[in-house]
Amino acid sequence: MLLLDAIFIGLLEASPLILAAMGFTLIYYLNGFMNIAFAESITYGAYFAILFNIVLGTHFYIAIIPSMLMSGALSVVVYLAIFRPALNRGVGPTEMIILSVGVSFMLRYGLILLVGPENMFLNEPSIKYLQFFGMGATNLQLIALALVLLAAGTLYWMIYNTGLGEQMRGLANNRDLAMASGINPHRTSVAIWFIAGCAGGLSGVFTGVFAQVAPYMGWNVILITMLVTIVAGVGSVRGAVVAAVAAGILSAFITLVTKPLYAEVVLLTAFIGVLTFRGARTA
Amino acid sequence: MDYLIFSISLMLVYIGLAQLLHIQFGLAGIPNFGVVGFWGLGLYGTGVLYVKLALPLLPSIVMASLLAAVVAYVVAHLVLQRSGQAILAATLALAAIISTLVVSEKDITGGVQGLGTIRFPFSDLDQSNLIFMIMLLVVVCTLLWISGKLRDSRLGRQLVAIRDNEELAASLGKDTAASKRWVFAITCGLMGVLGGMSAPLHQFLVPYQLAPSLTFAVWIALVLGGKGHNLGAIVGVFVTFGLFDILIETYAPVPAEQAILLPNFKLFCYGVLLVMIIMFRPLGILGVDKPRVRAVPKPVPGGHSKPSVEEVEP
Numbered sequence: 001m002l003l004l005d006a007i008f009i010g011l012l013e014a015s016p017l018i019l020a021a022m023g024f025t026l027i028y029y030l031n032g033f034m035n036i037a038f039a040e041s042i043t044y045g046a047y048f049a050i051l052f053n054i055v056l057g058t059h060f061y062i063a064i065i066p067s068m069l070m071s072g073a074l075s076v077v078v079y080l081a082i083f084r085p086a087l088n089r090g091v092g093p094t095e096m097i098i099l100s101v102g103v104s105f106m107l108r109y110g111l112i113l114l115v116g117p118e119n120m121f122l123n124e125p126s127i128k129y130l131q132f133f134g135m136g137a138t139n140l141q142l143i144a145l146a147l148v149l150l151a152a153g154t155l156y157w158m159i160y161n162t163g164l165g166e167q168m169r170g171l172a173n174n175r176d177l178a179m180a181s182g183i184n185p186h187r188t189s190v191a192i193w194f195i196a197g198c199a200g201g202l203s204g205v206f207t208g209v210f211a212q213v214a215p216y217m218g219w220n221v222i223l224i225t226m227l228v229t230i231v232a233g234v235g236s237v238r239g240a241v242v243a244a245v246a247a248g249i250l251s252a253f254i255t256l257v258t259k260p261l262y263a264e265v266v267l268l269t270a271f272i273g274v275l276t277f278r279g280a281r282t283a
Numbered sequence: 284m285d286y287l288i289f290s291i292s293l294m295l296v297y298i299g300l301a302q303l304l305h306i307q308f309g310l311a312g313i314p315n316f317g318v319v320g321f322w323g324l325g326l327y328g329t330g331v332l333y334v335k336l337a338l339p340l341l342p343s344i345v346m347a348s349l350l351a352a353v354v355a356y357v358v359a360h361l362v363l364q365r366s367g368q369a370i371l372a373a374t375l376a377l378a379a380i381i382s383t384l385v386v387s388e389k390d391i392t393g394g395v396q397g398l399g400t401i402r403f404p405f406s407d408l409d410q411s412n413l414i415f416m417i418m419l420l421v422v423v424c425t426l427l428w429i430s431g432k433l434r435d436s437r438l439g440r441q442l443v444a445i446r447d448n449e450e451l452a453a454s455l456g457k458d459t460a461a462s463k464r465w466v467f468a469i470t471c472g473l474m475g476v477l478g479g480m481s482a483p484l485h486q487f488l489v490p491y492q493l494a495p496s497l498t499f500a501v502w503i504a505l506v507l508g509g510k511g512h513n514l515g516a517i518v519g520v521f522v523t524f525g526l527f528d529i530l531i532e533t534y535a536p537v538p539a540e541q542a543i544l545l546p547n548f549k550l551f552c553y554g555v556l557l558v559m560i561i562m563f564r565p566l567g568i569l570g571v572d573k574p575r576v577r578a579v580p581k582p583v584p585g586g587h588s589k590p591s592v593e594e595v596e597p
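As they're listed, the protein sequences go chains A and B.
For the first sequence, counting from 1, position 78 maps to 78 in my numbering; every step adds exactly one.
For the second sequence, counting from 1, position 238 maps to 521 in my numbering; every step adds exactly one.
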């Protein structure tokens, strides 16, 4: 019963993480570096939702779509303005990570300078508490889970079954060969950064609606996203989904058994352990 | 005046940390993103030993630093032979673990309520903070001197060889994994020393001090100054911490309502600076200093006697 609870709570909690891990993985796979600035895709997604939901007064479920698209657009702008020139200059992977930390600082503190450091709250739609099989959840949580599963499924289908996904995998594996066979690297990259930004934004909207919208919200999940991605293996979207779900369930299980704070410690230790014993596949 | 002494002492700690990071990343190529973790082990280790066990300050610092070095050695064993990105994530995770444990183990660390008070050594003297600043200065200068020597030493060359091509270095018969482990453990232990020396500076320890922003501040300073230059750490810390934290935050005439936003503005500027540096001057302000040129040892006729190595000033 405890295990069942853990799986249920874990799934609910892991739903934003799954999206974030998928988006993060896409960029990692395509460009070969960990984009810490992805945290800001999450944060900005939530703040765009504030813009549409609170400032402009649209319904929450309608506000999701433009927030997601704007977050994707922001991701493309950042790619074109900063990361693409840097990649063309041949900046190494570790330096790219440091660069992305710089971008992340720029976006995050720019945002704080614009809207202030206070927490904000999304106007949640009518929340009902549902109960079945002895387990409770709000309708919002269930809708979020369904939407996340839908988005994750679409993303998955796109990567493994469409031309764009094939082009992306081609570019990531052998850029020269892919270009020789007529794949336009520029267009594919822009598309992937857009999709990754959308996934991050959607993840941010749901993280924001479950709790509050704060400038540090993306930053707080980026470490776990990063670890999930590395453990999943470079650019394996399948692996990212599995690892994110596992992380959610493990963390829910430990929280049920002990104090919530220990969940984080055990989770992080487990990640270091996996990194140690996975060996070659962590590349 | 007291505030200036505090700021300068803090700046010395930053310089020391950035210099150690220069050894780890600039020379050996280990991307340590857990700086605050090792520093924090020193800080809280010293605090706990000093406050809870009532040990004198110096033994507390030594023991806490040893703890940091041991933890670093274990972590090095676990992840140092993985890719750079894995090391980066693992050290970042370690720092998060340490700061979470400090919050959760409140019986030992005081949790969010904090731990204090840690006094300066010679606290019965008037100028104990000034004396302590001078002690820090001595420690940091020693660090700078050692790291300057290290670069031109046998070990330093080995580290650079490992950074550039580990397989090649290993094929020359160097035990690269062991060298990296030891260098990592010792430099992290020294980060612990700086953490221990920060304990009397802060006097009162709260988990907030273990936020990852310290790691990033040190990284930004090092990358800005020049990660491969022995003086890069100093220049970087002066440009970031010295310019923003000391000069602007203390002396710039900013109206009170905007003063709250100043730290955010500072971090925004750090971000912009970091992006500009990596885009336009990836080796940092100072670039990379050349190792000192050494004369080619003359072959000694008829013997295997040690070649005499003379240093030539560039």
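Note that these hints are calculated values from the structure, not bench results.
Here the structure is a predicted model, which means the values were calculated and not measured.
Check each hint, because a few of them may be wrong.
Said to hold, decoys possible - Heads up, simulated DSSO-like pairs for lysine-lysine below, C-alpha to C-alpha not over 27 Å straight-line:
| no. | chain 1 | residue 1 | chain 2 | residue 2 |
| --- | --- | --- | --- | --- |
| 1 | B | Lys457 | A | Lys259 |
| 2 | B | Lys389 | A | Lys259 |
| 3 | B | Lys432 | B | Lys457 |
| 4 | B | Lys389 | B | Lys457 |
Stated by the list, open to error - If we take Cβ atoms under 10 Å as the criterion, some of the chain B residues that face chain A in the derived model are:
| no. | residue |
| --- | --- |
| 5 | Leu377 |
| 6 | Val386 |
| 7 | Ala460 |
| 8 | Phe499 |
| 9 | Lys549 |
| 10 | Val558 |
As the list claims (entries may be wrong) - Listed next, the stretches of chain B that the computed footprint assigns to chain A, with coverage defined by at least 3 CB atoms under 8 Å from CB atoms of chain A:
| no. | segment |
| --- | --- |
| 11 | 358 to 367 |
| 12 | 462 to 471 |
Ideal placement from N, C-alpha and C gives every residue a C-beta, glycine not left out.
Quick rundown of the hints versus the structure:
no., hint, in the structure
1, Lys457(B) - Lys259(A), "46 Å, violated"
2, Lys389(B) - Lys259(A), "13 Å, holds"
3, Lys432(B) - Lys457(B), "20 Å, holds"
4, Lys389(B) - Lys457(B), "45 Å, violated"
5, Leu377, "7 Å, holds"
6, Val386, "6 Å, holds"
7, Ala460, "13 Å, violated"
8, Phe499, "6 Å, holds"
9, Lys549, "8 Å, holds"
10, Val558, "4 Å, holds"
11, 358 to 367, "holds (count 6)"
12, 462 to 471, "violated (count 0)"
Of the numbered hints given earlier, the model fails hints 1, 4, 7, 12; all others are met.
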